[in-house]
Amino acid sequence: CSEDFFSTPPLGTASQVQMQNPEGIDKLLIGAYSLLDGVGASTDGWTGRNEGRASAVTNWLIGDVASDDAYKGSTQSDQAEMNAFERNSILPANNFVPDKWIALYDGISRSNEVLRVIAKTEGLDPDFASRKTAEARFLRGYYLFELRKIYFRVPIIDETMFDTRVANDQEAWPFIEADLQFAADNLPPTQAEVGRANTWAAKAFLAKCYLFQRKFVEAKPLLDDIIANGITANGLKYGLNDCYYDNFRIATKNSKESVFAVQMSVNDGSGGPLNANYGEHLNFPLVGPGQCCGFFQPSQNLVNAFKTSADGLPMFDSFNNNDLKNDEGIRSSDPFEPDGETPLDPRLDHTVGRRGIAYLDWGLHGGETWVNPAGDGGPYSPKKRSYRKEEQGTQSTTTGWAGGPNANNYTVIRFADVLLWAAECEAELGDLEKARQYVNQIRNRAKNGCAVKKLDANGMETAAPAANYHVEPYTAPWPSKDYAIQAIRFERRLELAMEGHRFYDLVRWDIADQVLNTYLQAEKEKRTYLNGASFTPGKSEYLPVPQTEIINSSIGGMPTLIQNPGY
Amino acid sequence: ESKAQKITLNVKNTTLREVMKEIQRQQGYSFFFRGDDIATTRVNVAVKQTELRHVMDRILAGHGLAWSIEEGTIVIAHEPPAMLQREPPQQNREVSGRVTDQSGAALEGVTITAKGTSAATTSDAGGNYRITVPDRASVLLFTILGYETAELTVADQRVLNVTMNATVSDLDEVVVVGYTTQKKASITGAVAVVAVDDLKQVPANNFAQQLQGRVAGVTIGNDGSPGGNVMVRIRGVGSITGGNDPLYIIDGVPTQGGLNQINPNDIESMQILKDASSASIYGARASNGVVIITTKKGKEGKSRLTVESFYGVQRPSAGPSMLTPQQFADLVWENYRNIGNVNPTTGNPADATFGNGANPVIPDYLLLQGGAMEGDPRVALENYTNDPTVPGFGTTRFMFAKTNKQGTDWWDVVTQLGHIQSHNLSVSGGSNKNTYAITGGYYDQQGIFKHTGFKRYSARANTTFNIMDIITVGENLQFAYTDNVSAIIRAENSPALAYQMAPFMPVYDVGGNFAGGRALADHPYTRQYRNKDNHAYNARLFGNTFAEANLGHGIALKTSLGIDYANFNFSNFSPSAPESFLLPQQAQLSVTNSYTTNVIWTNTLNYRKAFGDQHNLNVLAGTEAVKSTFRNTITEKADFAFEDIDYRYLSAGTTLLNATGGGSDSRLFSYFGKVDYNYGEKYLVSATIRRDASSRFSPSHRWGTFPAFSVGWRLSEEPFLETVAFIDELKLRGGWGQTGNQEVDSYNQFTTYATNLHTSSYAIDGQNNALVPGFYIGAQGNPDARWEAQTMTNLGVDLSIFNGKFAVTVDAYDRKSSDLLLVIPSPATDGQNRRPAVNIGGIQNKGLDIALNYRGRPQNNDWQYDVGLNWSVYRNRVTELYGGPETFIPGFSTRQAPFTRTAVGKPISAFYGYTIDGILQTQEEADAHATQGGDRALYNQPGRFKFRDVDQNGVIDANDQTFIGNPHPDFTYGLNISVSYKSFDLSVFVQGVQGNDIYNYQKWWTDFQNLTGNRSVRMLDSWSPENPNAMLPKTNSIATGFESQASTYFIEDGSYLRGKNVMIGYTFPSKWTNRLNMQQLRLYIQATNFFTLTKYSGLDPEVNLSQYGSGADRDIGVDRGIYPLAQSFNFGLTVGF
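Sequences listed follow chains H and F, in order.
Residues 1 to 567 (the numbering used here) are what the first sequence spells out, left to right.
Residues 568 to 1704 (the numbering used here) are what the second sequence spells out, left to right.
Mixed in with the good hints, there may be bad ones.
[Said to hold, decoys possible] In silico DMTMM-like links for lysine to aspartate or glutamate, alpha-carbon gap of 25 angstroms or less:
hint: 1; chain 1: H; residue 1: 539; chain 2: F; residue 2: 901
hint: 2; chain 1: H; residue 1: 526; chain 2: F; residue 2: 901
hint: 3; chain 1: F; residue 1: 751; chain 2: F; residue 2: 1381
[Unchecked claim] Below, a sample of chain H positions facing chain F; criterion: calculated Cβ distance under 10 angstroms:
hint: 4; residue: 3
hint: 5; residue: 84
hint: 6; residue: 152
hint: 7; residue: 261
hint: 8; residue: 270
hint: 9; residue: 395
hint: 10; residue: 399
hint: 11; residue: 549
[As the list claims (entries may be wrong)] Over 10 angstroms on every C-beta distance to chain F, these chain H residues come out as not near it, computed from the model:
hint: 12; residue: 81
hint: 13; residue: 121
hint: 14; residue: 129
hint: 15; residue: 157
hint: 16; residue: 182
hint: 17; residue: 186
hint: 18; residue: 243
hint: 19; residue: 388
hint: 20; residue: 448
hint: 21; residue: 469
hint: 22; residue: 474
hint: 23; residue: 481
If you're looking for bench data, these hints aren't it; they were derived computationally from the structure.
These numbers come from a predicted model, not from an experiment.
From the three backbone atoms N, C-alpha and C, an ideal C-beta is built for every residue, glycine too.
Construct all of the structure, not just a fragment, from the sequences and the given hints.
If you want it as structure tokens, here you go:
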């Protein structure tokens, strides 16, 4: 029997040799980009892990529900293991703990594969090779950055390792910085495709990396350069959009404010919604867009934070003394008028869906019927990842069991974010005026930036604002560095609320213990399920290393991974 | 006569010399042919346990030959022509006589027929008969159940008294073993010959289901759904991820699945090769045992027409005990109070459905938004809509249903009385040159869950043609077409959902549409209803054509070309579900087509020869080539303008969702050889070797060699035991052998890159509705993988005593699997590509199989009874895994983290989790206990489960999990009792499993406050200070996620004893059937699963395997919401013409 008889090459797949050319390399690179959304890494259909509920790029669960910005939402019994994130009582064996780890390391694995195939391909154009290497290292740097931020003790996996069971006893920051520095040095300023990383995106990530290490001196020149010269991959000079809402709108995605965004597509021929912002699929109200599940509900504390003083400034200490009027316990068919008196930051109604205020073009948010009526998560709905009614079925999914996923990008770094980092740097390094200027840029855009309008009886938009919006810049110089830092931090919360940053800002500012325990003490009065919940300093800052990963890292029966402190 | 034994022969077209040699071998007579041409006379004879004189008469009948015994030698000579002339043929000679048994008692009801004529009669109560036959050459056949058929030539006698012998052992039966046949007496391996007639008593859609409890060492698990899957495990579990299904050889053609497409009624005989010494001739696919099946062949004689039919009804067992609406509402209130979710002023809970009073109120109506009472303007009929897209939905227009305050019995809603019927018609017959058997079958089973069912249409034709006396050409072919509408057996779906549904919800809303809504969870009946037209069709052609040449001198050459072609088509239409509230509610159609082709070419050379008086040799050599091809396509479309059944075709959908497909090929080539030698049928030796090459392994690991060796010693043939009269047969057997397992992905050796529009493509150019395809490593290859190896040692004893009354077979085995093909759980740092299987790991199964048979043939000939008992035990232990003692392979996770573990020193798939030490009773006790769940404020409270601090470090965490249960039974058994009295027969079959644990995953849904839906009545026994000895903790929906983790709470004793089958039949006496020109008429009534003794609280303790895909053995004994077995009551008949 000849060898021919046994020759049965795999069907419908490619060999490594077939990938060793510029087209193959770029296709692998696309594969590495495609995991940016945090969805689709695992094929484990039982757990829903590939649905990205806990691994969504937006970090809604680990970055916002775990913070003072949001509740898990829905009912306590729905995705019950998520409750531990809200209570900061996560166990290493919690089913949602590994999701992000898996998704991010799959991204690293794919990035490394690009580097491996580049190394094996002979006769590549050196420019092409360095550009693609830079893109792959950009992605790897990003993935590892997220891992370091979320899991603290993380193994560093590069393209030379075939056995990836390596220890997690090494600080990852230098490795992340090296990848991002290489990307910044070798990426072009513009790219033919807007979704690709350019040199400015790499620089912005590098700056973020410095901020997380409190390396303000290194961050400042980088940020100055980005603010002065940065452009998007499609060649737009960085700037704030005129309308705040345009950052959360499908029609205006990849704007000049979009430093680096994860590209979402829907009804794209793939036959499913996994390329849309699918990790958010639970986070839609029961009525209106998506009609699902009612997860990720903004907290009362967050809503209160948008109250402003008579001079249009935030109320740092007193904002949570009393609650902005809400419709909790009131039936949708019973009348309710939202507060028309209290001065509010207009960004509230671009961030939070609440009864009586227009929800994009869906008419007024209906209150009780929109949130899960059996739920425990308060009266509010999330808003930033949603889509407009006019886009239903074209920019929102027509397949799958959840209707919410849509083509709305998630902007990982907005230019507003960059400006606020710059403000932080300036304040930390002593230039309070420069810092105030940056913050005022943000506040002025909020002030002028297209507030939500009141609807008339027919549901048509009127010229009048939906509430008493009143936001002003800081007109007086800041009295102290402490004041400046407080103002900047508060501004970050308002500007970037429900965008997945809050928890990690609190951690890097080292105030998570104080802020979250204060929050939980007050919030448990409204959300009884928070009774007894607390944040444990020295532990709760990071997720545990997933239990299964520690076991699977074993060599000769001994785990190579160690657990994080406190777990 | 030198030997008391009877002769058994089954030869066709064989020379008289060969036949006489065989008689010499069996009886010891030498023989002599008086005439040169006599030796080459070709004869046919089929006799079983017949005395020499009858055998000789039978052999020589019609050949003009006569025989006599002269000085201990059988002399065969031409009949003197004069004799024929001296006695002219006489017409219509009358013969009479008396039929008795061995004790001399009269036998009534013996059928006496004159061969080749229509003359027939039966003996009366005194055993007397009278029959008229054509001539002196007529041969009378005496038949009665339980006795050997007697055959007598009339010759000159007018009175023929006959003594009939009760059927005794089947040791001389010739059975099919690997590629050849062997007398049962000379088998040295562990081969179970299955009583096929017993199997057929169990109404089931495939023969494997019928095998349950019948054979020692064979474990069967099946789900009760029509056309449902079945698991067959022979002697424990030998592989973790490499597959544990046995190899099936049907008429010489191997297959490993698709049993539902094989009509069990076509089966004539079945042997199970349980040990390596008998199975290793099948080499690389034999490590899980081999089931050899031969289908019905035609026999020489006139055409026979047989009809076998039954019709019955199946009914579901009682459903689970769930809460009434009021109990459910009270539980909600109790929980709200316990978690402090009460109005601070009134102290009362509040809820959209149950109001805000001190006691919950079941509302009159249910809306998506909660409950409403009569008179509420929202539930005015004119406000009803079931279209969530209408303007004002939820504010002015509502979907609502009238609450069923008595409670909906969802179990009753989803189940039904289903019918089951089977009809088989066969025609068979043949001449001494050609035989044929043609059968047609129809099987139709409705499920006990509404809108599920299975139908099979099958046709078989088995024919042989003899050419030039030395070549036999034939074919065995079956075509089957099955039609299956299945239930989805998963906890999230029906049938389990049936009892998780809110009890106050009605089936239909006020608009007559299905009630539902996400707040009330999905409705179980709607899913079944909407799935009712989603048929899965399988068309399968299975069989072979063969040619066999008998070249003389014992040499036979055989070639067989087998085909196994299967075509699968499944159209799955999901209509829109307006009441579900989950967008999008668009109708979708998914069409799957696939085909599998296996072509098998087998060639064997067989040499069978006796040397001298005592040396018997059988040598077999052969080659086999298998070529397998699989291709499939899956297409999905959405946007159907209409949802009518005749509109559910791809062309009618306007949006293409998915179009995919793929394929795989594999090849196997083998050489094999076998030598059987025995000395005087006393000392038996057998040796086998097989060399296999598989495309699934890289060239350097392609070939595997599988040897085996076995010996037997029939002590009963020794002179020292011949004086022990009561021993008929005593044989010691011992064997050793190696087999392999190649069940690994066909492309395990290759690293491949794949593209996937969902998971590797990206809108890199920022477009909303278009993608750029990307690639990723789809699979990592392992070119170093080789066969899973298995070594098995078997020791056995066969004992038959008291003229075959008692027979015992005992086998002990040690089965060691090594080089297991494991897909090692890899760290996530490796990325999420498919990992290759590597050869690491070992498993050991040790066990004992015991089969006992008693055949009662009391003097009073009206009664006879048979009792068969089989008992088996195995101990399974993982001996080696990839990463040392701490490593394990987890089971599957669902709503709970994986709760089975396959770890060294433990059996495969042992249950793993926390140990609950009751419930914390006081604050002091709670404070003293280890920190639970990292949250003392929540979990260290009275009323909470007390988790055992196994590592005693003061913290309850993942390290406190241990092995908490074993799904493998202590032993399994089956007991079959058959009794007949005159024309009545009764058989009872019970079967049981002892000492296994079941992981009742259903309790996660019904005993805790996970998700919405109804709860078990067990929740009424929740902890409170007044009920300190409760089964469940204090209701608390916040704590429930932690407390419902995998723990001892879910472990239950899975032992059961089940009455599998009881059947009463009546065979009409031949004096009646003769008048109707029938050969046979039997009617029977039957009940299956007629009782079950078990402590298991779930629906059915038979949960052996709820998943059937790769690695399913890591999920043994997990109750994920099974389709329970039905009770059936059947009426059947067998008619033969």
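Item checked: residue 84/H as chain F interface residue, shortest Cβ-Cβ below 10 angstroms -> Given a least distance of 8 angstroms, the restraint on residue 84/H holds.
Item checked: Given hint residue 261/H near chain F, where the shortest CB pair must fall under 10 angstroms -> Check passed: Cβ of residue 261/H comes within 8 angstroms of chain F, closer than 10 angstroms.
Check: With 10 angstroms as the cut and Cβ atoms as the points, is residue 270/H at the interface with chain F?
Finding: 4 angstroms, holds
Item checked: Interface exclusion of residue 121/H relative to chain F, criterion Cβ beyond 10 angstroms -> It holds; residue 121/H is separated from chain F by about 14 angstroms at its closest Cβ, greater than 10 angstroms.
Next item on the list: Starting from residue 539/H, check that the Cα of residue 901/F is at most 25 angstroms away, please.
Entry: Violated. Residue 539/H to residue 901/F sits at ~34 angstroms, over the 25 angstroms cutoff.
Margin query: For residue 157/H, is the shortest CB-to-CB distance to chain F above 10 angstroms, so the non-interface label stands?
Written below: 5 angstroms, violated
Note to self: A cut-off of 10 angstroms on Cβ-Cβ distance, and residue 182/H was said to be off the interface with chain F. Does that hold?
What the structure shows: 21 angstroms, holds
Check: Going straight from one Cα to the other, do residue 751/F and residue 1381/F come out at no more than 25 angstroms?
Finding: 23 angstroms, holds
Check: Just checking, residue 469/H versus chain F, shortest CB gap more than 10 angstroms?
Finding: Per Cβ check, residue 469/H is outside 10 angstroms of chain F; nearest 26 angstroms; holds.
Item checked: Interface hint outcome for residue 399/H [beta carbon to chain F under 10 angstroms] -> 6 angstroms, holds
Check: Against chain F, with CB atoms and a cut of 10 angstroms, does the hint on residue 3/H hold up?
Finding: 7 angstroms, holds
Item checked: residue 549/H as an interface hint toward chain F, with CB separation required under 10 angstroms -> 6 angstroms, holds
Consistency with the previously given hints fails for numbers 1, 6, 12 and 15, ordered from lowest to highest.
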